[in-house]
Amino acid sequence: MLIRALKGESADFGEYDVEDSVEPKTYREIFPFTEPPKMAWDGIDIPMEIPEKIWITDTSFRDGQQSRDPYTVEQIVELYKYLNRIGGPNGKILMTECFLYTKRDKEAVQKIRELGFEYPRVSGWIRASKEDLRVAAESKVEEVGMLSSISDYHIFFKFKGMSRSQVIEKYLEVIEEGLKAGIVMRAHVEDCTRSDVLGVVVPFAKRLMRLSEKYRLPVKVRIPDTLGLGLPWAKASLPRSIPKIVFALRRIAGVPSEWLEFHGHNDFHLGIANATSAWMYGASLNNTTLLGIGERAGNVPLEAMVFAYAGIKGSLDGIDTVAITDAARYYRRRIGYHIPSYYPIVGRNFNITRAGIHADGALKNIEMYLPFDTERLLGVPPGVSITPYSGNAGVAFWINYFFGLRGNEKVDKDHAGVMKIYSEVLKKFDTGEALTISDREMLLLVKRNMPEFFEQNKHRINPI
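160 is the number that UniProt numbering gives to position 160 of the sequence shown; each next residue is one higher, with no gaps.
None of these hints come from the bench; they were simulated from the model. Quick caveat: nothing in here was measured; it's all calculated off a predicted structure. Glycine included, each C-beta is placed from N, C-alpha and C at the ideal position. Hints may contain errors.
[What the hints assert, rightly or not] With a Cα cut of at most 30 angstroms, we get these calculated DSS-like pairs of lysine-lysine:
| id | residue 1 | residue 2 |
| --- | --- | --- |
| 1 | LYS413 | LYS458 |
| 2 | LYS413 | LYS428 |
| 3 | LYS158 | LYS111 |
[As the list claims (entries may be wrong)] Now the in silico label distances, taken between C-beta atoms and shown as ranges:
| id | residue 1 | residue 2 | range |
| --- | --- | --- | --- |
| 4 | GLY254 | ALA297 | 31 to 39 angstroms |
| 5 | GLY432 | ASP45 | 57 to 65 angstroms |
| 6 | ARG376 | ARG296 | 33 to 41 angstroms |
| 7 | GLU114 | ALA40 | 24 to 32 angstroms |
Take the sequences, apply the hints, and build the full model.
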């Protein structure tokens, strides 16, 4: 089927029938359960087809809340403001997904709407039931995502006694009711990376496209890599290959790129790679959460996909990257969320050097150990943390950073005061007096060993 589609031949499923099966297709040769999942390769390559337009979507208030204490209404509103800032005037954070069930959920959606922002648009999330759909319709959201569990692990063991085709008909019935009410529906094909893609997912998607034609409304398809089992490589075989899933939905089922959304999880550290590959092979939308907060090992981090977007498109297209830093600061200070120091982009150590050889390189050229201008793009200048291995260069870099010295003002690693300070630093570590040297301690060392310099420049000290 894939080969026929690659050749441009018709890949017809007749009357779009789902292939029923007596036994569940669990792919035991790939997912043995008692061993790590296997990687299988079919050697079939498919072309990259990056859509003309790509966007980031958000599920911080849905999937992001499932793994933590619920956000307060105030927190949801403030985080939504950050999403709006990050996405910029062009709405590159296109949509955010919210629960609609509780009084708090409904109040949060109402407060968000009162802000009057065009982006991110608000989307609802429901289970495949008409009662849930009624709740969504009452909320007046313009788009609703519906859980549509698709693998045999779910169909055979969640819906006992129902066949594949019966489960799919149940989904289609609810989706059609939503379309009748004028709601843009989005099918979340849960556990897609363990599903029978050609036998179930593609026929289901074809039926969705027929409903879209009938009601003249978009019907979107979200591809959830529910357990993080997806692989970003085109030559990997189904059901794990994200490129092949996207290809099958686009070229065989006929789902337009702008209606295709990837939703990744990070169980095997491949969330960002899989999300990037979804863009590169034809899905326009990537679903994320702020800081990757989500079920189990987390979701695809929104901030990571901002930089992936810029890398693919060659431009930020109005995205405000400094707002990412501000959002992280809000998480730390107002929500009390701990961001690991080594967390990419917003972790405290992201642009901090400890190694003396790195600090020496940074003294010579700041670009040597930085991937981009962190002060310009994140509002965070590069820094140094003093350890026994920082060397004179590390001390000099710390002084230049904390006193905001530029150009010829900078002190050199061979400055007598710098060497005195590093000597004291080594003594503190050698005697066991210190395990770390804080920034406040460093300022005292500068004041003691470089008194004239300190008095002349103390007004320039960066806040600690």
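Hint by hint, which ones does the structure fall short of? 3 and 7
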